[in-house]
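K.L.:
Dock chain G against chain R, hints included.
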Amino acid sequence: MIRKNILLLTALSVFTLISCKKEESNFSFDGTYIESGAAIVVNEGSFGSNNGSASFISRNGQVSNNIFEAANGGDVLGDVFQSYSRVGNTGICVVNNSQKIVLVDARTFKYLATISDATKITYPRYAVAKDTSRLYVSNGSGTGTVLAIDLKTKTIAKTIAVGSGPEQMAILGNQLFVANSGGFGVDSTISVISLTTETVTNTVKVGDMPTKIVKDAQNNLWILCYGATDYSNWPDITKLTPTKLVKLNTSTLSVEKSFTLVPANSPSYNANLCIGDAGQTLYYSVGDEVFAMSIAATTLPEEPLISGREFYGLNANPFNGELVATYAPSFTQSGYVLRYSSTGTLRDSLRVGIGPNAVIFN
Amino acid sequence: MKTRTYIYVSMMCFFTCMLMPSAKADTLVLPELEVQASREFFFVKDNKTYRLDSFRRQWYGNNHLGDLLQYSSFVHINNYGMGASSTFSIRGTADDQSAVLWNGINIRSLSLGSTDVSIIPVHEQDQISVITNSASSIYGSGTFGGAILINNAANWNNRFTLNGKYDFGNFNSHKGDLSLAAGNEKIQFQTYGTYHKATNNFLYYDTYKSGQPLSVLQHNALENLASISNLFWRPTGKILIQAGSWTQQKYKEIPAIMGGSPVSSKWQEDFTTKNYFYFQQQTRKGVWYNRAALVYDRQLYSDSLFGIDASYAMYKLTNSINYRHYFKNRVILDAGADYYYDRAKITNYHSIVNEHRAGLFAGVKYNKKEWTFSASVRQEIHRYRYFRPLFSAEIVYNHPSGRIQTGINYADKYRIPDLNDKYWQPGGNPELRPENGWTLEWNQQFELLPLHHKHQLQFSYSGYYTRIKDNIVWTPLTATLWSPRNVKNTQHTGIEARLSNMLQATATIRIHTSILYHYNHSTVTKDYNPLSEGNFIRYKPQHSLKINTSLEDRNFMLGFNYNYISARFTDEENNPFYALKAYHLLDMFIGFKLSYKSFTPQFQFQVNNLLNTRYETIRSYAQPLRNFQIRILFNYSTPKSKKND
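Residue numbers (the numbering used here), protein chains in the order written: chain R, 699 to 1060; chain G, 9 to 653.
So that you can see chain G by itself, here it is in the shape it has in the complex:
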């Protein structure tokens, strides 16, 4: 108790000191882009990240983050069915081995360690980036695969913008969105609200029943209400204050799996509110950054058949501070500290869990001509056990022509056991070691054509190798009792390749095509079951191919998305009887836009699963056949308004 109090008080004092404004005059001109980059972006901006384009976000803007990522990035999505929870995997790692950060806040579940991307709306999120290089290690626990960063940013040119959207489609799906942004050069306010209701009673072929009958999924209704608001204020040119809140409530019926009775008695209700405050102040030679956040998550899972009413309530308080100093010799030093307080009240825990932890971080970046060197070290402080310092380093070379970029990076990584692993009754194991490992990545990016604003052809690839030791696996202690243990080592090797072509055919017509191929070889190297050693990790496809093509004219948009996922094993011994078959999905999108001065109405039509593919991402969970969405949108903005994207 004393140690915990000491750490807490020390951190608070430290943060309070850090928050004291500097009175020094601002005389040094600092690089604008770097100053504006908060810590999570600062160490990635010199190397490639996958930032999702506006067209893709507009297309999938009415769906959730999982839908967006599965077509537009190398991220693999495991989906429990339409409207149900979705988890994600980066480079063959587990769903709790990669992180999602919203405006710098890690939003993973404290109890499970994973993030349900089906509850993350993507409409009005200004930046969505997938980070896989060494920088992902600075975000703390659970970034073996990488991290997805979702950020809201101010458009200081905006005066008033109002967007509305109504979407309806198959399965009684009705969704409405309204967003408003208003402000001036000093202050900007954005708010967004969405309501979605659907029965999601789609048709599917029950491949687990004899004769594979065409069936209707029952007990799959969804009701989702969310709002996200952000306030940006820059009282002077050197200070930025930002505050935001995301509140969401989701009620979801959980259908029966395929193969049995269609009747289910399960449902789940989630409520979350995430709030943050961000302060940034530029001094003469550096910048202070501070972020504080409070997250409250509540969930109720009910199954009347089994008499289960399980609830959890969790609070996460985080506070982080860092200072970045710009030396004259192009050396930039960034150092800071993170503090986390987690509190969980969960039915299956013996008592309320309170945990405090902290992290100290320092990083350095050096630019010299075409070369950029960066390195960082992070020390986790946790009373639970000692963590060795974690290092990362990166070298990036930009060819003077600006057409070739090469990078290599290395990072130590770790994952603290989630709360269920430690405290679940019975079985929780407080003696678990953290998962630990490292990743090495090589990447190159080529501009295949001379730099030209009308035609850009890019090719990039990454090769990666990740080793993870002491993976936590729930295993039977006795015939009926399970407990997590550090029993598995894994390795993840692969290549991600992307070919992107943008052609400005005429003044108004733009054609964009991207082809993403991912080869992943994720295997078990050591396990308590020797028969699984050398085998592929469950649910990790070896090959995936994603092709997106779109044509945009002034008043017209047309796009196709193709997605191929190879077969996946679902058991540790790679039994072909239980493997999921490879599948192909094709979606089509068409949109029409009109402009009346400041008013822009749009009409969009989308066909999902055009090929009527029968497929599964998780064994036994039904997926819809061909289905439609019709969308009516309007945008009103003042004439001077520009939406930066």
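Here chain R stands alone, though its shape is the one from the complex:
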């Protein structure tokens, strides 16, 4: 019954999506991809096919796909473009299955350099920069590390052991917070790294499989803990441990709030998290529903902002308050970016590359 519902929902989602207005690319490059309100879309591509790509969405909603290929004479970015971030005029592309970090000129997407060291960069996920000289990359599907990279020499300066399967990170003051998801196993901790000594100074238990981490307006962290999943009774997929939204007080390094999004022993749903409204409003998804919640809230919202659609990625536009979601119908075809008003009204859908997982605003 559950599987039928999922099938039905998926079919409905596809039908609704194809009914949306689609804007084809008519973008003409005007010299810079850095534009307030514009965004880079991270398209993973299909695993093993070296077709990870970047798309650009201009402020007025025009799309340009394959911008790396276009800027670099047809060269490709790599296999599974996992994440993108920017420090100054340098764009940092973490290419997961190519085990490399590609640096580009963020204005033109011209290739600058590749950082690859297969003995250390085994499974890179996300990157955050302290400044234009120091970059931190979470790495590892099992035993996890954070790689401290010297952006001047483009070499790995230090390898910091953290929990297993490190995913998203956040820098607050002089500390780096790393969500240890467990990778193919289960972890439930946040590693706290001092950026002065580049050593782990604390490990905080939050909930099983922390993956997403966002910083709010009060300099605290909100962490989505996905929870462990039991697939062994397929087609019934259940949560062994709950999916939680956890607030971490970064001063006391203690869990201040914890909301259960999906309880244990109930059907499992995909979940996602982002923050908008200048760090005041959290947006999270559970299955095919997206909710908005104030960081001051003490209970979870009851009514979803958007329902009927399951997204692969969720981001908020810091410039106009839009909620921007990505949809990947499969990994052998184009994906879509759907733009919603802050009240959940669909504005448009934009066709981008294969498997879009995030929209990163300038």
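Keep in mind the hints are simulated off the structure, nothing from the lab. Keep in mind that the hints are not guaranteed to be accurate.
The calculated lysine to aspartate or glutamate pairs, modelled on EDC-like cross-linking and capped at a C-alpha distance of 16 Å, are [as the list claims (entries may be wrong)]:
no. : chain 1 : residue 1 : chain 2 : residue 2
1   : R       : Lys913    : R       : Glu954
2   : R       : Lys818    : R       : Asp848
3   : G       : Lys205    : G       : Glu231
4   : G       : Lys589    : R       : Asp848
5   : G       : Lys430    : R       : Asp934
6   : R       : Lys828    : R       : Asp848
Here are the in silico distance ranges between beta carbons for each label pair [said to hold, decoys possible]:
no. : chain 1 : residue 1 : chain 2 : residue 2 : range
7   : G       : Leu222    : R       : Thr958    : 27 to 37 Å
8   : G       : Arg306    : R       : Gln916    : 54 to 64 Å
9   : G       : Ile360    : R       : Glu733    : 52 to 62 Å
10  : R       : Thr841    : G       : Ser319    : 21 to 31 Å
11  : G       : Ala321    : R       : Gln978    : 50 to 60 Å
12  : R       : Thr730    : G       : Leu222    : 28 to 38 Å
13  : R       : Thr841    : G       : Asn620    : 38 to 48 Å
14  : R       : Asn917    : G       : Phe585    : 40 to 50 Å
15  : G       : Ile389    : R       : Asp1046   : 27 to 37 Å
16  : G       : Gly219    : R       : Thr851    : 53 to 63 Å
17  : R       : Asn917    : G       : Ile316    : 39 to 49 Å
18  : R       : Ser964    : G       : Phe585    : 35 to 45 Å
19  : R       : Asn917    : G       : Ala590    : 50 to 60 Å
20  : G       : Arg306    : R       : Thr730    : 55 to 65 Å
Just so you know, these numbers come straight off a predicted model, no measurement behind them. Using N, Cα and C, we set each Cβ at its ideal position, and we do this for glycine too.
P.N.:
Chain G in isolation, oriented as in the chain R frame:
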């Protein structure tokens, strides 16, 4: 459980009854060639099949079936790199929509549905044929494109033959083969063993890295050990008993794909043993055929980076029986039954899978002057779901001059979901429908010159149209969970044309040239993604051209192979950014042969990829540049020995 037991017991009783020898006297002279043709060949022998010639098999005899087919047939090979697995596509269909049968046994993987042609040695395989007409439907599930038949046959004239071969080449490749055949008019025994070891660390241009640097492929070593043995015994002129075994072990490191780090932590080990027993008895008006086979496949895939150690073990038991009756009015009736028992123990399945299925088959053939009519019906019996009967029919006309043959055929086809589709955890979908469809083919063959043993010029072509409904595709159910569904319809249209010229220039010099052109238009007609409708199917070239030419003298051989494959899309929406470029490949072969009475040593030199082409058959998988092979062979055979080919 009761139903399964009932079917099993019934089939066993049926087969046991069938095996009882007939005591009737043999008084009717039956057509020798047809009697010797087992069921898989009986319905194809009146129409064209592509049988690979001895020169080509000798040239590529030290490689695998994929290497042989990609140059010598219309079959398209997708290769994951030197020494790595290769899948094949016939007429634009998927790799699990065509079958490979070794001595009548379907050797496809139960879990994936496809066949890795890189582990099939071609040396000492006596017949390799590509079947695309309606007869391919009688082989059961998964023959939309057709079937490749590999058969071993006895050479009853042989007394003793010993062949040895040592091959070495680039990338530390060393391969040795030894084959022996011995016997007399009543019994023949063949055995063949091969061992191959290579590091396969070839140079390639990494087209997925900035600047396309020249790189060395790492972690690509291969070690392969195989043996094939066959015993043929005809205790009387009316009985043939045949038994065979093929055992193989392959260890293969799996390299990283292009574009990233060259370091990889993956490897795979395959072990297989395939064993069969075949019995054929001629009666007064017909012939009984029975074949039983047991196949065991084991695979271990390991990736230390991801902590994966996935194993599978599968058993396949098949038993088939058929009786062919020759009526006086040139009507031939062939009817029989197949029984299959599949058992799989796979890490990602919830439990051990046991499946039983059966098929009933009847076919009729009628010859009248220049015309041959044949028709067949097959009923699949499977507790999983009901299958409607599948029909096929064919008409062949041979012009009285013997220089023109025309045929038209139609066949219903289907493919049962493979075990991964049904049982993989999570995602497996036991509710899947079988893929189903039909194919229509028209073909003609012309002898362009008057029949002459010194100069033969042949032209043949086939036009085909295939529709496949309910193609099984793994699609995302949620953002992170995939499951197979029957969501795609496809159609495959095309023309295969072959021009073949054989010139016996002198008593000892023979020049042979063949040109094969294949136009294929394989498209998606319906899909869950409307943007892919009307698009080309991924990895199917629209044009391919293969030119083979060879010159053979008594002591000298020279040959060239040219292969052109047009561009291929790699995504469903046919995005040109992700398309693979067209490529040209040229290989050269030169050989010298000496004869000292019964002893024939040979020396061969082969250059692969003479043009140093950069190419891909699967996106991201490196292929070697120009490379060499040197081969030393010897053959010893008794003076009366003849190798029939």
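K.L.:
Given the hint of 52 to 62 Å, check if Ile360 (chain G) and Glu733 (chain R) actually sit that far apart at their C-beta atoms.
P.N.:
59 Å, holds
K.L.:
Regarding the pair Lys589 (chain G) and Asp848 (chain R), is the alpha-carbon distance no greater than 16 Å?
P.N.:
Given that 16 Å is the threshold and the Cα spacing comes to 38 Å, the pair is violated.
K.L.:
For the hint 21 to 31 Å, verify it against the beta carbon of Thr841 (chain R) and that of Ser319 (chain G).
P.N.:
For Ser319 (chain G) against Thr841 (chain R), whose Cβ atoms are near 24 Å apart, the range 21 to 31 Å holds.
K.L.:
Between Lys430 (chain G) and Asp934 (chain R), does the CA-CA distance stay at or below 16 Å?
P.N.:
Measuring from Cα to Cα gives roughly 15 Å; hence the hint holds.
K.L.:
Could you check the hint for me, namely that Asn917 (chain R) and Ile316 (chain G) are 39 to 49 Å apart, CB to CB?
P.N.:
40 Å, holds
K.L.:
Just to be careful, I want the Cα atoms of Lys913 (chain R) and Glu954 (chain R) compared with a cutoff of 16 Å; is the pair within it?
P.N.:
14 Å, holds
K.L.:
Would you say the C-beta atoms of Thr730 (chain R) and Leu222 (chain G) sit inside 28 to 38 Å of each other?
P.N.:
34 Å, holds
K.L.:
Within 54 to 64 Å or not, the Cβ separation of Arg306 (chain G) and Gln916 (chain R)?
P.N.:
Since the Cβ atoms of Arg306 (chain G) and Gln916 (chain R) sit about 58 Å apart, the hinted range of 54 to 64 Å holds.
K.L.:
Using the Cβ atoms, figure out if Gly219 (chain G) sits within 53 to 63 Å of Thr851 (chain R).
P.N.:
With Cβ atoms ~20 Å apart, the hint is violated.
K.L.:
Quick check: does the Cβ-Cβ distance between Ile389 (chain G) and Asp1046 (chain R) fall within 27 to 37 Å?
P.N.:
Violated, since Ile389 (chain G) and Asp1046 (chain R) (Cβ atoms, about 53 Å apart) do not stay within the stated range.
K.L.:
Between Asn917 (chain R) and Phe585 (chain G), is the Cβ distance one that fits in 40 to 50 Å?
P.N.:
Given a distance of about 42 Å, which is inside 40 to 50 Å, the answer is holds.
K.L.:
Range first: 27 to 37 Å. Now tell me if the beta carbons of Leu222 (chain G) and Thr958 (chain R) are that far apart.
P.N.:
Violated - the Cβ-Cβ distance for Leu222 (chain G) and Thr958 (chain R), about 55 Å, lies outside 27 to 37 Å.
Checked against the numbered hints above, the structure violates hints 4, 7, 15 and 16; every other hint is satisfied.
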